[in-house]
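Use the sequences and the hints to build the structure in full.
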Amino acid sequence: MSILDSKIPSGPLADKWTKHKNSIDLVNPANKRNIDVIVVGTGLAGGSAAATLAELGYNVKTFCYQDSPRRAHSIAAQGGINAAKNYQGDGDSNYRLFYDTVKGGDYRSREANVYRLAEVSSNIIDQCVAQGVPFAREYGGLLDNRSFGGVLVSRTFYAKGQTGQQLLLGAYSAMNRQINRGKIKAFNRHEMLDVVKIDGKARGIIARDLVTGEIERHSAHAVVLATGGYGNVFFLSTNAMGSNVTAAWKAHRRGAFFANPCYTQIHPTCIPVSGDHQSKLTLMSESLRNDGRIWVPRKKEDAEAIRAGKLKPTQLSEEDRDYYLERRYPAFGNLVPRDVASRAAKERCDEGFGVNKTGEAVYLDFAAAITRYGKEEALIHGMKNPSDAEIYNLGAKVIENKYGNLFQMYEKIVDENPYKTPMMIYPAVHYTMGGLWVDYNLQTTVEGLYAAGEANFSDHGANRLGASALMQGLADGYFVLPYTIGDYLSHDIRTGEIPTNTPEFDEAEKNVKDTIEKLMSGSGTHSVDYYHKILGKIMWNKCGMSRNAKDLSEAIEEISELRKDFWKNVRVPGKADGLNQELEKAGRVADFLELGELFAKDALDRNESCGGHFREESVEQSGEQQGEALRDDENFKYVSAWEYKGEPKDAQLHKEELVFENIELKTRSYK
Amino acid sequence: MKLTLKIWRQENASAKGAMQTYPIDGVEGDMSFLEMLDVLNEQLINKGDDPVVFDHDCREGICGSCSLQINGEPHGPDRLVTTCQLHMRMFNDGDTIVIEPFRAKAFPVIKDLMVDRSAFDRIQHAGGYISVNTSGNTIDANAIPVNKEDADDAFAAATCIGCGACVAACKNASAMLFTSAKVSQYALLPQGRVEATTRVLNMVEQMDKEGFGNCTNTGACEVECPKGISLENIARLNREYLSASIKG
Numbered sequence: 181m182s183i184l185d186s187k188i189p190s191g192p193l194a195d196k197w198t199k200h201k202n203s204i205d206l207v208n209p210a211n212k213r214n215i216d217v218i219v220v221g222t223g224l225a226g227g228s229a230a231a232t233l234a235e236l237g238y239n240v241k242t243f244c245y246q247d248s249p250r251r252a253h254s255i256a257a258q259g260g261i262n263a264a265k266n267y268q269g270d271g272d273s274n275y276r277l278f279y280d281t282v283k284g285g286d287y288r289s290r291e292a293n294v295y296r297l298a299e300v301s302s303n304i305i306d307q308c309v310a311q312g313v314p315f316a317r318e319y320g321g322l323l324d325n326r327s328f329g330g331v332l333v334s335r336t337f338y339a340k341g342q343t344g345q346q347l348l349l350g351a352y353s354a355m356n357r358q359i360n361r362g363k364i365k366a367f368n369r370h371e372m373l374d375v376v377k378i379d380g381k382a383r384g385i386i387a388r389d390l391v392t393g394e395i396e397r398h399s400a401h402a403v404v405l406a407t408g409g410y411g412n413v414f415f416l417s418t419n420a421m422g423s424n425v426t427a428a429w430k431a432h433r434r435g436a437f438f439a440n441p442c443y444t445q446i447h448p449t450c451i452p453v454s455g456d457h458q459s460k461l462t463l464m465s466e467s468l469r470n471d472g473r474i475w476v477p478r479k480k481e482d483a484e485a486i487r488a489g490k491l492k493p494t495q496l497s498e499e500d501r502d503y504y505l506e507r508r509y510p511a512f513g514n515l516v517p518r519d520v521a522s523r524a525a526k527e528r529c530d531e532g533f534g535v536n537k538t539g540e541a542v543y544l545d546f547a548a549a550i551t552r553y554g555k556e557e558a559l560i561h562g563m564k565n566p567s568d569a570e571i572y573n574l575g576a577k578v579i580e581n582k583y584g585n586l587f588q589m590y591e592k593i594v595d596e597n598p599y600k601t602p603m604m605i606y607p608a609v610h611y612t613m614g615g616l617w618v619d620y621n622l623q624t625t626v627e628g629l630y631a632a633g634e635a636n637f638s639d640h641g642a643n644r645l646g647a648s649a650l651m652q653g654l655a656d657g658y659f660v661l662p663y664t665i666g667d668y669l670s671h672d673i674r675t676g677e678i679p680t681n682t683p684e685f686d687e688a689e690k691n692v693k694d695t696i697e698k699l700m701s702g703s704g705t706h707s708v709d710y711y712h713k714i715l716g717k718i719m720w721n722k723c724g725m726s727r728n729a730k731d732l733s734e735a736i737e738e739i740s741e742l743r744k745d746f747w748k749n750v751r752v753p754g755k756a757d758g759l760n761q762e763l764e765k766a767g768r769v770a771d772f773l774e775l776g777e778l779f780a781k782d783a784l785d786r787n788e789s790c791g792g793h794f795r796e797e798s799v800e801q802s803g804e805q806q807g808e809a810l811r812d813d814e815n816f817k818y819v820s821a822w823e824y825k826g827e828p829k830d831a832q833l834h835k836e837e838l839v840f841e842n843i844e845l846k847t848r849s850y851k
Numbered sequence: 046m047k048l049t050l051k052i053w054r055q056e057n058a059s060a061k062g063a064m065q066t067y068p069i070d071g072v073e074g075d076m077s078f079l080e081m082l083d084v085l086n087e088q089l090i091n092k093g094d095d096p097v098v099f100d101h102d103c104r105e106g107i108c109g110s111c112s113l114q115i116n117g118e119p120h121g122p123d124r125l126v127t128t129c130q131l132h133m134r135m136f137n138d139g140d141t142i143v144i145e146p147f148r149a150k151a152f153p154v155i156k157d158l159m160v161d162r163s164a165f166d167r168i169q170h171a172g173g174y175i176s177v178n179t180s181g182n183t184i185d186a187n188a189i190p191v192n193k194e195d196a197d198d199a200f201a202a203a204t205c206i207g208c209g210a211c212v213a214a215c216k217n218a219s220a221m222l223f224t225s226a227k228v229s230q231y232a233l234l235p236q237g238r239v240e241a242t243t244r245v246l247n248m249v250e251q252m253d254k255e256g257f258g259n260c261t262n263t264g265a266c267e268v269e270c271p272k273g274i275s276l277e278n279i280a281r282l283n284r285e286y287l288s289a290s291i292k293g
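Residue numbers (the numbering used here), protein chains in the order written: chain R, 181 to 851; chain Z, 46 to 293.
What the hints contain is simulated information worked out from the structure, not anything from laboratory work.
All the given hints hold, so there is nothing to weed out.
Here are some chain Z residues the structure puts well away from chain R; computed CB gaps all over 12 angstroms:
#1 68
#2 118
#3 148
#4 281
The following label-pair restraints were derived from C-beta to C-beta distances:
#5 Z:188 <-> R:843: 31 to 41 angstroms
#6 R:332 <-> Z:68: 57 to 67 angstroms
#7 Z:74 <-> R:681: 50 to 60 angstroms
Every value quoted in this text rests on a predicted model; they were computed, and no experiment measured them.
Just so it is clear, CB atoms sit at the ideal spot from N, CA and C, and this is done for glycine as well.
This is the structure we're talking about:
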């Protein structure tokens, strides 16, 4: 019997959440005033949780490393947010959204959590509209939708290519209302560096004021970590420069199990790497795949000529192009899920068909869409026999309305006009489905410590569908946590304020200070970035889109060695008692150097291919699916939850068996 | 590319700052401006010097963290981009580039090129929201139809990233463009009309309290805004403010 109790309520799937809400304990409004909650991270999950908890009456303290909660990286989400509204009348329902999410996640997520997510999704849209989030609308004044990868309905709500920004500013505005009422105290430019446990319960955190360098103690009756994902373990990713695993990792070291660390989403449509100076990668929203067609040259010599600058993509005739997604997956075409699209791009580039200098890029072409829209518009405007130029101009305008900001961003970075020549794209690390293990209540294995949004593992299985991250973040924060945390806090109404002058706070503070001192006292041979870049290369080459036992075993050893070297030789200039960006980075990289090793260990353990985790040893050998990923439900239908035991390679595996009562496990086919 | 960088260095808020000169070599056109500063910082660290401090995070032009007054212009010479998306191909070999923090009384320097923009947060606290509960049930989203043109204008105003370039560009260090963007977003939507009167009065009052200057319609803010926030928003704020003042 596993020690993991997922606490999934009994009863039929569709009734679980309602039944659970009806049976959990509540805290009366007068008592809420005496209860403190710490929320670390102010993105969609943290911002929405903080606002709602404060509105309910709890005293909330928020922490973020940025100078304002509005800058959390949720802001960069582009494409949209899913909700089973069925406004388009195309057959959508809670069940379908649930089904698509479980299937898209390659049957490695928990049914009950995903169903609840689908169930509350519609309410998110209502809520956000009431808050004044300016979603895209049709001429009749009602909300517009678009479709995203891996699904057959249009259920994605959006605000041009800035949906994350608009939703985050919505959550930020809800926070501001509570800050103005004095119910939220916001600690910006603060970084959490440890969790404080008292009698086994999370009762506070140690944080560093990033401006003064001061180490602070903050107590609360419960702690919520909404600190995002750990994609920056790869150095290059679409995450913000500051995105890190530190809060989650410190929690892991204090007893919170880390689940499925190897489940990483490598997003198919990012701007390719341009050189060694590269500091981060930029995503081009998946929504572009609604209108863009992905291709590489059919002949290798054409690809070579393009790489050498002797041939332009627009000079290639239709017959000389290989629309490989449409060819391999006729049912879903360019809208296959992200993991499938990424591997297909890598396969073509590995075969020598890549189209930029480095050979690691494919085309995303809008010419067909521009012509199609142009003709439609000409018809609408009653133009007879429009010229090609007129059609192009009308079509380009439609594309500009839909994706204008993305096209502009592309042009600024690559210095090419994507209206005239196809975009070049390549997969990049984007999202991590793994994270802190949580039960149905979003509580980690540490009592009173909760994890929400990308920081937890629960809803996306081995692959996340597009436009589902925003949905999950807001579902957790607005609608799930405020209930489940209340149930836990109902036992704390007589506890009173948690003092910070206790041995547990002393110990945690000392731990933090010792770590900082150790970081400051390296021999000073190499910069923090030097180590981070090496770690990133190991991760990308050996734990990236395609993995095997040999590479993963090597990665474990190499990361372990690199970590030792880091602690001995890192150079952190300046002082700890003031603003020191290198020290901030050093602390984060130190944790990535542990997480990376656990990541590789987890990937090695999972000898099956599922979702974003592709093991070369586990591939379909024959039949229609030949060459596609082969999942192994008999041996790996579980969540891997790792318990910290010192060195990451010594971590102990606990398995949560996944039970599928409502969905039949099938081979995921998008053909 | 070989460049000469003149950079403002200041130890902390109370210390006196000064310009310092740094030569830099091997700059490529494909680098972003911040990647160029990364190269400089790596060199400084390897020499045992303190790296230059600057705010940055998403590096894709949306979080609003990065700032920098580059050759006298917020976010540099390119239009409609933040510093993180400004590319070095905008400069030429041999150029001297002057890099300063955003300058305004309401944005005190924290260190080097990093400034404190929390005044912007406080303007938002004063009224940058619609007072609906986030925990409760609300009406169906499509029960509130919004004219597409208004929705699009509200969206355009809402794309402000709060970077502060408008303040840095203004000779009066006015925060009118920033404040008007939020006032406009809500003023254009039926959901936001309910509190329109108190919102505009409170936000403007807070803006004045923070020490931002007055707007004299020079329009520099609109030119330098990386997100193209329109001056029309300021006109709308003025109308909203006038009508709110009359209502009292």
